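There are 2 protein chains.
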Amino acid sequence: MKIALDVMGGDNAPDINMDGAKRTLQDFPLIEKIYLVGREDVVRNSCDRWGLSGPRVEIVPAAEVVEMNESGLMAVRQKKNSSMSVSVDLVKSGDADAVVSAGNTGAAVAAATIKLRLLNGVERAGIVTQLPNEFGVCNVTDTGANPDAKPRHLVGYAVMAGILARTVYGKPVPKVGIMSNGSEDEKGTDFTKGTFALLKHLEERGVLPFEFVGNVEGHDLFEHEIDVVLTDGFTGNVLLKTCEATAKAFGKWLKMELQANPLRMMGAACASGAFRAMKTRLSADAVGGSPLLGVKGVTIIAHGSSSPVAIRNALRVSMEMVHTGVNPLIEEEMAKLGTIPEISEVYPK
Amino acid sequence: MKIALDVMGGDNAPDINMDGAKRTLQDFPLIEKIYLVGREDVVRNSCDRWGLSGPRVEIVPAAEVVEMNESGLMAVRQKKNSSMSVSVDLVKSGDADAVVSAGNTGAAVAAATIKLRLLNGVERAGIVTQLPNEFGVCNVTDTGANPDAKPRHLVGYAVMAGILARTVYGKPVPKVGIMSNGSEDEKGTDFTKGTFALLKHLEERGVLPFEFVGNVEGHDLFEHEIDVVLTDGFTGNVLLKTCEATAKAFGKWLKMELQANPLRMMGAACASGAFRAMKTRLSADAVGGSPLLGVKGVTIIAHGSSSPVAIRNALRVSMEMVHTGVNPLIEEEMAKLGTIPEISEVYPK
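Chains A and B, in that order, are what the protein sequence lines are.
Numbering (our numbering) for the first sequence: 92 to 440.
Numbering (our numbering) for the second sequence: 92 to 440.
It is possible that some hints are incorrect.
To be verified - Far from chain B by the CB rule (all over 12 Å, computed), these chain A residues:
(1) Gln117
(2) Arg135
(3) Leu293
(4) Glu423
Claimed, not checked - Cross-link-like lysine-lysine pairs, in silico, DSS-like; alpha carbons within 25 Å at most:
(5) A:Lys241 x A:Lys206
(6) B:Lys113 x A:Lys284
(7) B:Lys343 x A:Lys343
As the list claims (entries may be wrong) - The following label-pair restraints were derived from C-beta to C-beta distances:
(8) A:Met356 x B:Glu158: 26 to 36 Å
(9) A:Asp132 x B:Lys346: 44 to 54 Å
(10) A:Asn160 x B:Asp281: 58 to 68 Å
(11) A:Pro439 x B:Gly342: 38 to 48 Å
Simulated from the structure, these hints should not be mistaken for laboratory data.
All of these numbers come straight from a predicted model, not from anything done at the bench.
Glycine included, every Cβ here is placed at the ideal spot set by N, Cα and C.
Same shape as in the complex, but just chain A (with noise of 0.2 Å):
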């Protein structure tokens, strides 16, 4: 198995990329090769730095970086030659199996879908975010790619999401619900309606490859089983962040606080354990990347802030996805699924 990694991508490029890539060698002997994609002369000075060499190796030139804030389809076109495109590129011609790229979200999914095309059945590619809870992972799908997201395009990723959580988290009939303003049927938008309208006909026809829940609200995305959580790329992105904010913040008082006098400092040096434990367990490190679910090849999309921990882990799953073959299930399952019906046809406005 070969994996394109985008060195040049993220807010810590390339250190944090060449340090993720050595973990990962040593970890995961299955992975044969690392495309290291980026300038020639950065990527060579970080090999030598960081002891990187060898067959295992393989250093892909790449003059342009896509920058953090450029607008990802503008940077797609312009940019011929970004280490991101370049890294796609090696997918598309079958040199790498997945690409991993911690930079610029928007330029990774519009790189990925126009280069390597979407898989037969799929309309919209979305992003999909593990978060954890008490239950494993609420795989929020989706977290990014598509803000003005259509119904059908949810259906679509209840499917991809599902697969995911069936095969790379081992849940055989996943739980698949909508994130809405309330639990009940009638609450949401036309929007969230309408994808409850078009999953419930699908329920009907009997052709849901998982067990469709209805709507969910904030709490269960923590407290409950729920497998996968669907919704719009702009609310699950600020859903995301929101979850990323308040841990932030939480962890940030309760540090404070324990600082406050010293009875207070001694109790937290003795439950030490205990902080270190919570870090691991939020640590956006273990989950590593998000997939870039319904293009062809495996895409994987790291946080920038991402750590060499989150990098090696975001090439961990991409090496998984290859691996347990998500993408020919999701097409056999779009098949299965039949005609998505027009919104118009179930959901009567």
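Let chain A serve as the given structure and place chain B on it in line with the hints.
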């Protein structure tokens, strides 16, 4: 000042409301009277149990109760004699200056909007919820009154929540941002981009009574001094519940980790002051209730799971809003704003 309290509203009615009313009367002499609205036998019985009597309480009978899962609009139309409807009627008739309810949010919004009607210049009412942050609070608007909002509604929310930030939270020039999927100007959906274009247009006309800071993200809620965050009622509701759920999960998991062994338990006991301080800091009780801005008369919507302290603070918020005269200011500023252009005039798709 006289306030109507929907005694039957909330998951733990009536006791929670009676307890909250008792605390309020003890703490705030400015409140002349609380109308206790609900089923007469229930309220009378509760008054005996809570020792509430004298000229500062008055029982107002209302035979029906709106359940938490009812459709708001239907409840208002069909249950004309519900505790919620009768409470709002007291404001309409001028007997009460404000109404507080921990009942069905949709019904409270519908009752207030239909019976009290909107302030001059206001097109839609919005719920503003205060999230605690390092600078005081962030006023998130709307958190659920208007799920399918239009960009021009958010302009109204900006003015209304800005006035609240100025008068109640002491920010002379409130900073107002749009919740989006990235902080760059070009990020967002057609809806947020339309809102952005409208606010930019009005900023250029020099009529905004606040500072427009553009798009904001999750971390801005806690880390930056943003006084008002604008969002449609669907996204705002998801955001709010995600915040609550994340903080709750964090607290629960931390407690589990702290109880994992005797050393940690001893440490936690020494540092218990820090955990109590966190609980106070994050508690929704301190905020108490969310004002429904834009309707004539003051309407405060409390959380269904409110504690007595939360009800007491919801009553305090209603008192502050009546006292500071937020509503006349809203009408004044909406008039100064002039005509809000059609979205097609400022944001050609």
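Quick rundown of the hints versus the structure:
Distance check on A:Gln117: its Cβ is at least 29 Å (rounded) from any Cβ of chain B, clearing the 12 Å threshold; non-interface status holds. For A:Arg135, the non-interface assignment is confirmed: its Cβ lies about 33 Å from the closest Cβ of chain B, beyond the 12 Å cut-off. Here A:Leu293 stays apart from chain B, with its beta-carbon at least about 23 Å from theirs, past the 12 Å limit. For A:Glu423, the shortest C-beta to C-beta distance to chain B comes to about 32 Å, beyond the 12 Å cut-off, and the non-interface label holds.
Note on A:Lys241 and A:Lys206: the hinted pairing holds, with a Cα-Cα distance of about 23 Å set against a maximum of 25 Å. Distance restraint check for B:Lys113 and A:Lys284: the Cα-Cα separation of roughly 42 Å exceeds the 25 Å cut-off, and the hinted pair is therefore not satisfied. Pair hint B:Lys343 plus A:Lys343 holds up; C-alpha atoms about 17 Å apart against a cutoff of 25 Å. Between A:Met356 and B:Glu158 the C-beta distance comes to about 49 Å, which lies outside the given range of 26 to 36 Å.
As the Cβ distance of A:Asp132 to B:Lys346 is approximately 52 Å, the hint placing it in 44 to 54 Å holds. The hinted window of 58 to 68 Å between A:Asn160 and B:Asp281 is violated, with their beta carbons roughly 21 Å apart. Remark: the range hint 38 to 48 Å for A:Pro439 to B:Gly342 is upheld by a beta-carbon distance near 44 Å.
The structure does not agree with the numbered hints 6, 8, 10 stated previously, though it agrees with the rest.
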